[in-house]
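Top line first, the protein sequences correspond to chains A, B, C and D.
Mind the numbering: the first sequence is residues 236 to 389 in this note's numbering, read in order.
Mind the numbering: the second sequence is residues 236 to 389 in this note's numbering, read in order.
Mind the numbering: the third sequence is residues 7 to 89 in this note's numbering, read in order.
Mind the numbering: the fourth sequence is residues 7 to 89 in this note's numbering, read in order.
FYI, nobody ran anything at the bench for these hints, they're computed from the structure.
These numbers were taken from a predicted model, which means no experiment stands behind them.
All residues carry an ideal CB built from backbone N, CA and C; glycine is no exception.
Just so you know, not all the hints are guaranteed correct.
Incomplete in silico selection of chain A near chain C, CB under 10 Å [what the hints assert, rightly or not]: (1) Leu286; (2) Ile297; (3) Lys353; (4) Gly355; (5) Ala356; (6) Asp378.
Take a look, some chain B residues computed to stay more than 12 Å from chain D by CB distance [said to hold, decoys possible]: (7) Pro237; (8) Ser282; (9) His288; (10) Ala306; (11) Pro324; (12) Asp366.
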Amino acid sequence: MPVSPTVRVQEAPFDPAAESAALTAGRVDVGGLASFVGLCRADDGLSALVLEHYPGMTERAITRIAEQACARWPLTGCTVIHRHGRLEPGAPIVLVLTASSHRAAALESCAFLIDWLKTGAPFWKREEFADGAERWVEAKAEDDLAAARWGGAP
Amino acid sequence: MPVSPTVRVQEAPFDPAAESAALTAGRVDVGGLASFVGLCRADDGLSALVLEHYPGMTERAITRIAEQACARWPLTGCTVIHRHGRLEPGAPIVLVLTASSHRAAALESCAFLIDWLKTGAPFWKREEFADGAERWVEAKAEDDLAAARWGGAP
Amino acid sequence: MRVLYFAWVRQRVGVAEEEVSPPPEVRDLAGLVAWLSARSPGHAAAFAQARQIRAAVNQEFAGPEAPVRAGDEIAFFPPVTGG
Amino acid sequence: MRVLYFAWVRQRVGVAEEEVSPPPEVRDLAGLVAWLSARSPGHAAAFAQARQIRAAVNQEFAGPEAPVRAGDEIAFFPPVTGG
C-alpha cells in the first residue's frame, strides 16, 4: 500500500533537516532521499513576495498530488510543505522531500511534485518592489508544459 | 563563467543542512535548491557496506563530472560529498546539492550528477552480511543506461 | 451559495467572499459568472477576461459547465502561481 | 611504473600496489595486462576475465589501447559501483 504523504501549509519557516530525519530515522530501507527547496529570488528589485492561498482547498489539492506520487512511485516517505504570507528574498517557499529504496523513484517523484505544485495548488504570488510597485505573478505556459509531461492531472 | 563545484571525499558524515546553507546564505538569486542523499540499505541481511576508492583519482573524476554539470546548467552552486570506509545500514553515503535560479536546472543537474557518480567515480562497494559472508557489489547495466541518457561522458 | 475570490479577482470584486442566492436559471459556473458580472462594476471588471479566470466548486477545480447548487462553495481566481 | 589494484582485483593479486618495469615491447594497457598476468597465479586470476577489468592511466579512465610508459601510474579495478 502506498505511504501517506505529510502535507503542511503554513506561514512559518520549515526545517529540511528535521523533515529529512523524520523520513529516514530508524529506517534501513531508504536508499535515496531527494529534496527540492524553492526560494524567493530578488529579481528586478523585488522586495517581497506575498503568497495568497485558498485555505482548505490548498491542503486538499497538495495532498491529492502527493498521494498520486506515492501511488506512482515506490516511495517510503513523502513530505510537502508550502508556505504562504509575506516572504522576503532568500526565504524558502516550498519543500518537497521524497524517499525511496531506489534513487530514480525519489528523484523523479520529487520533480513530479514540484511541477504539479506549480500548476495544481491554489497559490497566487504578488510581487512587491522597492519602488512601491506591486504585480501579480502571471502563470507561465512553460509550467503547464512541465506538469503536462507527467501525463494526466492528479 | 560557470561556478566551481565543491567536491569532498571523506570518511566522516556530512551535514546536508550546513552544505545547503553554504549554497544559499546571503544570496537572493537562488530560486531552487535540489539535493539527493544516497543511503546504505539493509537488503538481504546486510550488516555493512565498505566503500573502497582510488584516492586522488576519485576527487579528480567527481570534480570533472561536477564541472560538466556547472557548464551544462546555469547553476549558482554545486556540492558533491562522497563517503568511503565502513558504512552501516541507514548511513548516508553521498550528497549531491545543486542550486540555480531555475528549478529545472537544479533538479536535472542533481539527477545527472548522481547518475554519473554511479558510473564515473572510482568507488567499489563490498557488502558484509550478518552471517559473515562478503560480496563485491556488481556494476549494474541499468546504471550505465541511466548515465548514458545524459549524452557524452564527462 | 458562498462565493470566494482570490488574488486580483478579489481585488477587482472588492470583497474576499460573499453569500449569494442566484435565480434557479443559474445552473453552472458559466451562468454564475454571467449573473455575478451584473452585480457591480467591480464584478464586471473581475470577470471581463473570462479566459484569465479559473474556478473551483467545493474546493475542486471545475470548468464553465460544472453545475452549481445552493449550499456550494464556489471560488474564482487567476491561474495559480505557487511552487 | 607504479601499478595499483582495487577491490577484488587487489584481493586476487594479493597486493594493493607494486612497482614494475615491463620490457620495452609492453607499450599499451593490453600488453601490460598480458605481461602482468604472467607474474603470479594471483595476477593470472585477477586478469582472467578481461571483460570485467577497467583501468586508469595517470588517474584517467583508459582502454586497452592506451599507451603506457615508465613513470606512469596505472590502476586496474572492477567496474565502479559508487553513488
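**Q.** glycine 355 of chain A as an interface hint toward chain C, with CB separation required under 10 Å
**A.** With Cβ-Cβ at 7 Å, under 10 Å, it holds.
Q) Does proline 324 of chain B sit more than 12 Å from chain D, CB to CB? A) Nearest chain D Cβ is 17 Å from proline 324 of chain B, so the label holds.
Q.
Minimum C-beta separation from alanine 306 of chain B to chain D exceeding 12 Å: can you confirm that?
A. holds, 19 Å
Q) Do the numbers back the hint for leucine 286 of chain A, that is, is its least Cβ distance to chain C under 10 Å? A) Since the shortest Cβ distance to chain C is 7 Å, the answer is holds.
Q. Aspartate 366 of chain B: least C-beta distance to chain D exceeds 12 Å?
A. Holds, since 20 Å exceeds 12 Å.
Q.
So, as I understand it, the hint says alanine 356 of chain A touches chain C; can you test that by seeing if any CB pair is closer than 10 Å?
A. Status holds, d = 5 Å.
Q) Can the hint on isoleucine 297 of chain A be confirmed by a CB-to-CB distance to chain C that is less than 10 Å? A) Because about 9 Å separates isoleucine 297 of chain A from the closest Cβ in chain C, which is inside the 10 Å limit, the hint holds.
Q) With 10 Å as the cut and Cβ atoms as the points, is lysine 353 of chain A at the interface with chain C? A) Hint holds; lysine 353 of chain A Cβ to chain C Cβ min 4 Å, cut 10 Å.
Q. Would the least Cβ to Cβ distance between serine 282 of chain B and chain D come out above 12 Å?
A. holds, 18 Å
Q) Does the interface hint hold: is aspartate 378 of chain A within less than 10 Å of chain C, judged Cβ to Cβ? A) holds, 8 Å
Q.
Over 12 Å from every CB of chain D: does histidine 288 of chain B meet that, or does the non-interface label fail?
A. violated, 7 Å
**Q.** Non-interface claim for proline 237 of chain B versus chain D (Cβ beyond 12 Å)
**A.** Correct as stated: the minimum Cβ-Cβ distance to chain D is 21 Å, above 12 Å.
Going down the numbered hints, you'll see the structure goes against just number 9.
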